[in-house]
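Take the sequence shown: its letters are residues 0 to 388, numbered as in numbering that gives the first Met the number 0.
By construction, these hints were calculated from the structure, which means they are not laboratory data. Predicted model, so just to flag it, every value in this text is computed and none were measured. Glycine included, every Cβ here is placed at the ideal spot set by N, Cα and C. Misleading hints may appear alongside valid ones.
[As the list claims (entries may be wrong)] Label pairs and their calculated CB-CB ranges:
(1) Asp230 - Val108: 16 to 26 Å
(2) Pro217 - Asn378: 33 to 43 Å
(3) Val271 - Pro150: 22 to 32 Å
(4) Ala78 - Ala112: 49 to 59 Å
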Amino acid sequence: MNRWLVKGALCCGALATLALDVSGQETGRADRRRPKRLLYTALGAGIGALTGGSYVAVQGVEQPGSCASRGCVLTVTVATGGIIGYLIGREFDQLHSLRYRGERPLKPVDISAPLTGEPTILSARDGLIAVGGTTGIQLFRAGTKLQAAAPRATGIRGISAVDIAPAGALALGAVSGFYVFPATEGRGILLRDGEVSAVATAPGRAYYGYGDRIEVAPLNAEIPRRWPGADTGSPVRDLDYDSARDILWAATDSTLIGLRPDGDSLVQLGRVAIPMGARRLSGRGDRVAIAFGETGVRVMDVSNSSAPIEVGAWAGARFSYDVSLVGRRLFVAGGPEGLFVLDVSGQQPRVVGLARELGFAAALVSEGPHTYILDRRDNALRRILSDFR
């Protein structure tokens with residue numbers, strides 16, 4: 000009995016030593032991480048060797064059967080343990096590869112505040128930050144810390160979009176309609192029944208995506224109705240209003256559209272076809288960036304608003320959840336990978352680095368000198384300086 004246990008232990012030790020020697024020869028990251036698939040293969044094979052050795056020692060005399068010999072039992076248990084260990088280790092390696100990509104690591108200093116429920120969207124203006132999700136709108140005031148304020152719209156479910164208007168009102172879209180809430184207290188007002196997919200605001204008015212249409216509603220309206228607007232030809236996915244140029248940018252399922260206010264409605268300035276799958280857009284000056292999920296990010300030159308053209312594309316993240324343009328710096332929410340930082344001053348986006356320690360970056364918004372990140376891993380709102388080095 001002891002002889003077979005010793006053989007199993009020796010087999011375990013030999014395999015572990017071999018795995019460590021092989022993994023040490025592989026070229027890894029700067030921290031010289033050893034591949035888990037090799038270590039777990041050795042451990043699994045070792046456990047199989049001990050199990051097989053114990054079985055043989057307990058059984059004693061060989062039993063009749065196709066694999067009853069001591070050598071066969073030991074071979075099968077070692078092989079089975081090694082395969083199981085390899086599969087477990089490979090899973091760990093894949094998770095590690097997902098988290099640690101080849102980009103230069105960035106470590107911006109951040110300030111965070113805890114969130115409740117399942118937040119999905121962000122908006123910020125004049126030091127007020129709104130986080131929308133399953134528990135309504137959570138509000139924070141920016142200072143040396145992120146100070147929580149009284150929540151709003153807690154009775155509305157399925158919130159899909161929110162924007163803080165210049166005067167402080169909260170414009171939000173949900174599966175049940177388009178609402179306007181006072182920023183601090185008071186009841187909200189339903190201005191449009193039906194599912195709303197996107198919201199953007201300008202002084203005195205709000206724009207919202209309603210199926211294949213963008214409608215314009217005054218923020219001081221008091222009754223729900225069908226409001227004036229413009230047809231888009233395909234479902235609206237996101238809106239962003241550029242106050243400096245007085246242009247509303249709309250990303251639909253198939254087009255990027257530039258529109259300008261025209262009385263109580265909108266007039267189209269230009270449009271260009273884009274791939275399917277647009278999720279979020281961010282426009283600043285002569286650039287518009289669009290996040291397309293699995294297919295990455297596209298950067299458009301919109302200096303001529305009547306004829307936007309694509310000037311760059313990047314697909315370095317496994318999934319691009321959101322984007323935020325700040326000058327010539329583009330932030331990309333990469334989900335579990337963290338926050339990607341790109342330089343879009345050249346012909347093609349160039350990766351500056353990846354901030355992995357900001358959690359599961361799911362949504363972004365930039366306001367003033369700061370960029371805010373919705374971290375789903377820790378269920379937190381994070382704030383960093385947009386021009387961090």
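Do the hints match the structure? See the list:
1. Asp230 - Val108: 16 to 26 Å: violated, 46 Å
2. Pro217 - Asn378: 33 to 43 Å: holds, 36 Å
3. Val271 - Pro150: 22 to 32 Å: violated, 39 Å
4. Ala78 - Ala112: 49 to 59 Å: Check passed, 52 Å falls within 49 to 59 Å.
Violated hints for the displayed structure, listed by number in ascending order: 1 and 3.
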